[in-house]
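Novice: These are the residues of each chain, in order.
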Amino acid sequence: MGEMTWEHHSSRDFRPLTPDQVRKKQFSRAKLARRGYSEEEVESFLYRVADEMAGGDKEKADLRAEIDRLKNWYKNQGADVADPGMGQPRVSIDAVNILSRAQQTADAQIAEAEDYARRLVGQARQQYELTLQEAQQRAEEAAVEAVDAYRSSGVVQSAEAEELESRIAYLRTFAEVTQVQLRAVLEGLANEVNKLGSLPSRSRQAATDPLTRHG
Amino acid sequence: MDAQALKDSWHLVARSGDQVPLFFYSTLFLMHPETRDMFPVSMAAQRDRLVSALGRIVSNVDRVDEAVPLIQQLGRDHRKFAVVAGHYPAVGHALLATLQHFLGDRWTPALANDWKQAYELIAKVMIDAADAASATSPPWWEGEIIGHERLTLDIAVIRARLNYPYPFRPGQSASFSFALRPRLWRFYSFANAPRRDNTIDLHVRVVDGGTVSTALVHGVQRGDILRVGAPVGDRLTLNPNLPRDLLLIAGGTGLAPLKALVEQVAYEGPTRRVHFFVGARTSRELYDIEALTKLETEYPWLSVVPVVSHDVLYRGERGQVADVALRAWRGQEVFVCGSGEMVGATVTRLVEAGVPNEQIHFDESTTGEGKEP
Ligand SMILES: Cc1cc2nc3c(=O)[nH]c(=O)nc-3n(C[C@H](O)[C@H](O)[C@H](O)COP(=O)(O)OP(=O)(O)OC[C@H]3O[C@@H](n4cnc5c(N)ncnc54)[C@H](O)[C@@H]3O)c2cc1C
Ligand code: HEM
Numbered sequence: 001m002g003e004m005t006w007e008h009h010s011s012r013d014f015r016p017l018t019p020d021q022v023r024k025k026q027f028s029r030a031k032l033a034r035r036g037y038s039e040e041e042v043e044s045f046l047y048r049v050a051d052e053m054a055g056g057d058k059e060k061a062d063l064r065a066e067i068d069r070l071k072n073w074y075k076n077q078g079a080d081v082a083d084p085g086m087g088q089p090r091v092s093i094d095a096v097n098i099l100s101r102a103q104q105t106a107d108a109q110i111a112e113a114e115d116y117a118r119r120l121v122g123q124a125r126q127q128y129e130l131t132l133q134e135a136q137q138r139a140e141e142a143a144v145e146a147v148d149a150y151r152s153s154g155v156v157q158s159a160e161a162e163e164l165e166s167r168i169a170y171l172r173t174f175a176e177v178t179q180v181q182l183r184a185v186l187e188g189l190a191n192e193v194n195k196l197g198s199l200p201s202r203s204r205q206a207a208t209d210p211l212t213r214h215g
Numbered sequence: 001m002d003a004q005a006l007k008d009s010w011h012l013v014a015r016s017g018d019q020v021p022l023f024f025y026s027t028l029f030l031m032h033p034e035t036r037d038m039f040p041v042s043m044a045a046q047r048d049r050l051v052s053a054l055g056r057i058v059s060n061v062d063r064v065d066e067a068v069p070l071i072q073q074l075g076r077d078h079r080k081f082a083v084v085a086g087h088y089p090a091v092g093h094a095l096l097a098t099l100q101h102f103l104g105d106r107w108t109p110a111l112a113n114d115w116k117q118a119y120e121l122i123a124k125v126m127i128d129a130a131d132a133a134s135a136t137s138p139p140w141w142e143g144e145i146i147g148h149e150r151l152t153l154d155i156a157v158i159r160a161r162l163n164y165p166y167p168f169r170p171g172q173s174a175s176f177s178f179a180l181r182p183r184l185w186r187f188y189s190f191a192n193a194p195r196r197d198n199t200i201d202l203h204v205r206v207v208d209g210g211t212v213s214t215a216l217v218h219g220v221q222r223g224d225i226l227r228v229g230a231p232v233g234d235r236l237t238l239n240p241n242l243p244r245d246l247l248l249i250a251g252g253t254g255l256a257p258l259k260a261l262v263e264q265v266a267y268e269g270p271t272r273r274v275h276f277f278v279g280a281r282t283s284r285e286l287y288d289i290e291a292l293t294k295l296e297t298e299y300p301w302l303s304v305v306p307v308v309s310h311d312v313l314y315r316g317e318r319g320q321v322a323d324v325a326l327r328a329w330r331g332q333e334v335f336v337c338g339s340g341e342m343v344g345a346t347v348t349r350l351v352e353a354g355v356p357n358e359q360i361h362f363d364e365s366t367t368g369e370g371k372e373p
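Residue numbers (the UniProt record's numbering), protein chains in the order written: chain A, 1 to 215; chain B, 1 to 373.
Simulated from the structure, these hints should not be mistaken for lab results.
Be a bit skeptical, because a hint or two may be false.
In silico lysine-lysine, BS3-like type, Cα no more than 27 angstroms apart, as pairs [to be verified]:
1) A:K71 <-> B:K116
2) A:K60 <-> A:K24
3) A:K71 <-> A:K25
4) B:K7 <-> B:K124
5) B:K80 <-> B:K116
6) B:K124 <-> A:K71
Using the sequences plus the hints, can you model the full thing?
Specialist: Quick look at the structure:
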């Protein structure tokens, strides 16, 4: 038995058999095999194979002609079919629709989370402005009071000292009113908003979290 | 190529509104799954940036000559999305499939062929420009954040050092993205003139609930990396052949690109007189005023005037910044930058007051729309 090397194998694969090769194929006689197959049977079988191959070839040729005919027809209509992708979508409309719906659901969830964040920050900002205005007003009042108190205290009066007194009172009150109210709220808010923003790419859980809290 | 047929068919398709980008992207991602990762997670149609532009640009192929510089710029800029030539056929397939779907019977082989050719032409201009650019610049720059300072509750000044030299002109902007908000790109203006150490400054203000600005102000830290696209925009850049005095009018973070102009005048000369009017609603929002006042003491040709509109207790100039600035108008070139609203109102005031149109330069920079320059 001859060994079949890789080289043999591949070179044979590259040369397709023709019907004629099959028809004229000579088998070497196996010296020790007295009782070989009937030559007649082998021959008639090979003829059948050859006929079928010939038929296959003709069918292929017919099909190729038909394709050319169709290509020409399309070309005459102004379409280029050499590139099958162009204008001939290979995806099913069902698949497109399913993916579209999934995308829409995701978009809607993200939009809702963003809207929630927008309102949250918007309200916080209003609150912040209000607090500051209030603080400013209360500080102005405190400053006026401080000057009044200073004047009625009987201490030697100087414009500079008076100004200083009022500024200290202003700043102290302003800081008191604002600091307490604002810090905690704002830091918490910044965290919240950051969580919202990173939701889509991280995980589904993160995506639904703020919404459930919201709803 | 029947350009009118392209336009008519695009017009028809566009009538399906949000359904069009939805179909386009679903088809693209199904046929070419490798492109999914290039786009943001949310593809909400109202913020779609590709499809409507694609249809508009391709269907106007008959006027391609006028648009070539823009298309080239688009091609160069697409490198920042990591787009390579091999991606173009994918987008072409999805575009044609989308047109076919929405046009139904009207999608003839002849029309298909015209769209295909028009698309390939535009794509070629983009790809060639990208190729040419790749000889001289990276697809994007990376900037390490080396300074992050929150100057008010909602404004941060960010300094980043870029990894390669970055040639830009004061007054320009670029789009930025970073790992905290993957694949989202937003424009921010440079607040400085180019420096030898490749550092850039950005002034970022939070838009209520804004995805990217919130992260830039509250989320990023020193050491984080910004991805930076090529510089764009020429509306706020100085014309070196017109060395006139300048009147700068800023609202909010709109002062960023105008501050860059001040730095340019300081570096380059010839010295022009510069009047810089900085508007804000309350004195607390005059976030950069210390730095500007310092510049003012350094440069005799510069005067900085803060103007506050909504703060009765404010002791400096009060009112609309445009009105205060107009008092200083002596025929200078006027530059306006701020929110859309502020810019609109200011430009109207200037025109009413007789400032010639061609002397007014403006850009709406701090609006939430993220509009292209
Ligand atoms: C050329 C150019 C230069 C720019 N320069 C700067 C700069 O120097 N500094 C700077 O801070 N910004 C600048 N911007 C704006 C910046 O690009 C972003 O648009 C901004 O940071 C908002 O992005 P975001 O992702 O946070 O918001 P997004 O998440 O995109 O949110 C904005 C969306 O929310 C909507 N929206 C915003 N506010 C509200 C509200 N109050 N109520 C309801 N809806 C709202 C908007 O219509 C938009 O759809 C510039 C823009 C351009 C075009
Ligand atoms: C003729 C071809 C093309 C045209 C006219 C075009 C046009 C555009 C325009 C105008 C934008 C918005 C500009 C911006 O945000 O900076 C955009 C965004 C984008 N394009 Fe293209 N493009 C084309 C091809 C491609 C290809 C082949 C890809 C790769 C798959 C691609 C990927 C993107 C991405 C990822 C964005 C950002 C989308 C977003 O942030 O929402 N584009 N395109």
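Novice: All hints are to be evaluated individually against the structure, with a verdict given for each.
Specialist: Outcome of the hint check:
no.: 1; hint: A:K71 <-> B:K116; verdict: 17 angstroms, holds
no.: 2; hint: A:K60 <-> A:K24; verdict: 23 angstroms, holds
no.: 3; hint: A:K71 <-> A:K25; verdict: 39 angstroms, violated
no.: 4; hint: B:K7 <-> B:K124; verdict: 20 angstroms, holds
no.: 5; hint: B:K80 <-> B:K116; verdict: 25 angstroms, holds
no.: 6; hint: B:K124 <-> A:K71; verdict: 26 angstroms, holds
Consistency with the previously given hints fails for number 3 only.
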